[in-house]
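There are 2 protein chains.
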Amino acid sequence: MINIVALDCMGGDYSPGAQVEGAVMAVREYKVAVILVGNEEQLRFHLERLKATDLAIPVRDASEVISNEEQPSSVVRRKKDASLVVAHQMVKDGEASAVITCGNTGALLAAGLFIIGRMPGVERPALAPMLPTHDGKGFLLLDAGASAEGKPEYLVQYAIMGYLYRQLVHGIPEPRIGLINVGSEPGKGNELYRQAYSLLQKAPVNFVGNIEGRDLLAGVCDVAVCDGFTGNIVLKCLEGSGSFFTQILREEMSASSRGLVGGAIASPALKNLRKRLDYSEYGGAPLLGLNGVSFKAHGSSNARAICQALKIAFDFSESGMVSQLNLLLAEQQRSSL
Amino acid sequence: MINIVALDCMGGDYSPGAQVEGAVMAVREYKVAVILVGNEEQLRFHLERLKATDLAIPVRDASEVISNEEQPSSVVRRKKDASLVVAHQMVKDGEASAVITCGNTGALLAAGLFIIGRMPGVERPALAPMLPTHDGKGFLLLDAGASAEGKPEYLVQYAIMGYLYRQLVHGIPEPRIGLINVGSEPGKGNELYRQAYSLLQKAPVNFVGNIEGRDLLAGVCDVAVCDGFTGNIVLKCLEGSGSFFTQILREEMSASSRGLVGGAIASPALKNLRKRLDYSEYGGAPLLGLNGVSFKAHGSSNARAICQALKIAFDFSESGMVSQLNLLLAEQQRSSL
Chain A
5 MINIVALDCM
15 GGDYSPGAQV
25 EGAVMAVREY
35 KVAVILVGNE
45 EQLRFHLERL
55 KATDLAIPVR
65 DASEVISNEE
75 QPSSVVRRKK
85 DASLVVAHQM
95 VKDGEASAVI
105 TCGNTGALLA
115 AGLFIIGRMP
125 GVERPALAPM
135 LPTHDGKGFL
145 LLDAGASAEG
155 KPEYLVQYAI
165 MGYLYRQLVH
175 GIPEPRIGLI
185 NVGSEPGKGN
195 ELYRQAYSLL
205 QKAPVNFVGN
215 IEGRDLLAGV
225 CDVAVCDGFT
235 GNIVLKCLEG
245 SGSFFTQILR
255 EEMSASSRGL
265 VGGAIASPAL
275 KNLRKRLDYS
285 EYGGAPLLGL
295 NGVSFKAHGS
305 SNARAICQAL
315 KIAFDFSESG
325 MVSQLNLLLA
335 EQQRSSL
Chain B
5 MINIVALDCM
15 GGDYSPGAQV
25 EGAVMAVREY
35 KVAVILVGNE
45 EQLRFHLERL
55 KATDLAIPVR
65 DASEVISNEE
75 QPSSVVRRKK
85 DASLVVAHQM
95 VKDGEASAVI
105 TCGNTGALLA
115 AGLFIIGRMP
125 GVERPALAPM
135 LPTHDGKGFL
145 LLDAGASAEG
155 KPEYLVQYAI
165 MGYLYRQLVH
175 GIPEPRIGLI
185 NVGSEPGKGN
195 ELYRQAYSLL
205 QKAPVNFVGN
215 IEGRDLLAGV
225 CDVAVCDGFT
235 GNIVLKCLEG
245 SGSFFTQILR
255 EEMSASSRGL
265 VGGAIASPAL
275 KNLRKRLDYS
285 EYGGAPLLGL
295 NGVSFKAHGS
305 SNARAICQAL
315 KIAFDFSESG
325 MVSQLNLLLA
335 EQQRSSL
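First to last, the sequence lines map onto chains A and B.
When you line the first sequence up against the numbering used here, it's residues 5 to 341, in that order.
When you line the second sequence up against the numbering used here, it's residues 5 to 341, in that order.
None of these hints come from the bench; they were simulated from the model.
Quantities reported herein were computed from a predicted structural model and do not represent experimental measurements.
A virtual CB, placed ideally from N, CA and C, is assigned to each residue, including glycine.
A hint or two may mislead.
[What the hints assert, rightly or not] Straight-line C-alpha distance at most 16 Å; calculated EDC-like pairs for lysine to aspartate or glutamate:
1. Lys192/B - Asp139/A
2. Lys192/A - Glu74/B
3. Lys155/A - Glu195/B
4. Lys192/A - Asp219/B
5. Lys141/B - Asp85/B
6. Lys192/B - Glu335/A
[Said to hold, decoys possible] Short derived list, chain A residues pointing at chain B, Cβ under 10 Å:
7. Glu99
8. Val186
9. Leu196
10. Val212
11. Gly213
12. Glu216
13. Arg218
14. Cys230
15. Ile252
16. Met325
Whole structure, please, built from the sequences with the hints as guidance.
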């Protein structure tokens, strides 16, 4: 199968300039195969601006753009020539193996489900961002909001997908799978979580038990599993507290002249802090469980973040996760009978 | 009705010294009426140590202690003479109007339900801590984990209780009630949250709609309502990220000598930062919805935190929330018919 990444160039804060520049970087630095999808005239303008016409990066014209305000499910059906829709259609048709967008997450989910479709054995795809931990290794959170409703079986499928992803993409031999819960003891949580706990004990993964919110950032697991409602809340609380802390820290630093001097001298420390919290290096969040590789990059991605996303998506689609996932899901279904 | 706070002196990291000292402060500074519950010999020793025997603070002997490791529901039934159980029994019997403990939260919940009992019209009590916001005003989160299972009706009751609490205890004329959710638009979230949204629109409170996790700390609402599973996750994620940020900031500050100097000079700023995040001044989390006032103070409460908790519990039990709550709950039931 062909391995080429379809890059939706028309979504995100710095599109399409950052997208084209990131693609040029990824081709030059990592020999990633990429096809740019979007307004052809604009894309060619940026390729020339970057003196990259010699790379012969293919361009697929798409005349429409999906904005962040549009209703995802209907727009994906309506705007057949939107860059996001065209890029997904290319994966569906085998013209590309992976798709990346910086645009509307809801539209990405809708296009993933309606156009690419689910992998056999996966009932719900899961959005799986990496979040920072104290030891710098990070953890994969899934589902971070692809589905609002949860079932115990979904959570087991998330665990298996997360397990494989961290093995294949991050090279962790036995990723530790934790179940996000309100207490560490078995039997904690609501009905959904108690049932998921029992199923996870029998699942073909390295299940390490319940994980409380306060331990997530300490790095006690490599994959944290929960329903999409809970995962989205976790993601947004951690994001929200990140900006909260940096904001009030900056205020306190400049509140007094003494603080101002201290702040100026301490600024390398602050810069390092931000770097440790910046998960753009992870290249965005994969949408796991589709019949193809799909990545959501951050809306504010710069060229470097796009380049990393392209590298990861390219490597990931070469890893053969789909076939390995099928084997594990079959094993899990046998063990739960 | 008598207004006196039964203080469980035997739970928490610094018990019973900090408890007795906090009580002495509260009596001297705020004329709070308090009765100390716990090992009488130890309590009298501390009263003498603090030269406070002239205050004639009453002491109720209790021979047993509930540890953090014990199973809450069974221990409350078994250890009839545990300080926590005795303090709750005093509220039940009308000998005290409020109870405060720094001990086991699960045991507090169990004792509240089994001994004091629920207020008529409240199906589930809710644990309601205050959390910090950027504007320094904070928000009340409920339910933070009293119940693991959620129903739309519970969430409406939480909203009414939180609304009244912030009016009566914090003097906010029209507290803004937000529903924690995965998006701000109506119709977001799972079935539970969509139903709760509809009910809240008709409830006799100032409902401001869905609130995303990332906006909570910005201070967009005075009360944030959610089911106890979600609330516990929110609470622990915010707590966890608080210690995460201060820890890595400290590391970065001391990583380089330049950072070290900056850190030393910037330390007043760091101290202010910690102060803004320290919600011990709120005096702990009330357990709302019981037939009496019940407060969980932090396990690591010092004397000052205990004193604040006593003041708030005392004022709160004078505020007449029980009768006002009954009126609002009846109004809500009429409007939802």
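Here's how the hints hold up against the structure:
{"no.": "1", "hint": "Lys192/B - Asp139/A", "in the structure": "violated, 35 Å"}
{"no.": "2", "hint": "Lys192/A - Glu74/B", "in the structure": "holds, 15 Å"}
{"no.": "3", "hint": "Lys155/A - Glu195/B", "in the structure": "holds, 13 Å"}
{"no.": "4", "hint": "Lys192/A - Asp219/B", "in the structure": "violated, 28 Å"}
{"no.": "5", "hint": "Lys141/B - Asp85/B", "in the structure": "violated, 40 Å"}
{"no.": "6", "hint": "Lys192/B - Glu335/A", "in the structure": "violated, 35 Å"}
{"no.": "7", "hint": "Glu99", "in the structure": "violated, 33 Å"}
{"no.": "8", "hint": "Val186", "in the structure": "holds, 4 Å"}
{"no.": "9", "hint": "Leu196", "in the structure": "holds, 9 Å"}
{"no.": "10", "hint": "Val212", "in the structure": "violated, 17 Å"}
{"no.": "11", "hint": "Gly213", "in the structure": "violated, 16 Å"}
{"no.": "12", "hint": "Glu216", "in the structure": "holds, 5 Å"}
{"no.": "13", "hint": "Arg218", "in the structure": "holds, 3 Å"}
{"no.": "14", "hint": "Cys230", "in the structure": "holds, 8 Å"}
{"no.": "15", "hint": "Ile252", "in the structure": "holds, 6 Å"}
{"no.": "16", "hint": "Met325", "in the structure": "violated, 27 Å"}
Checked against the numbered hints given earlier, this structure breaks hints 1, 4, 5, 6, 7, 10, 11 and 16; the rest are met.
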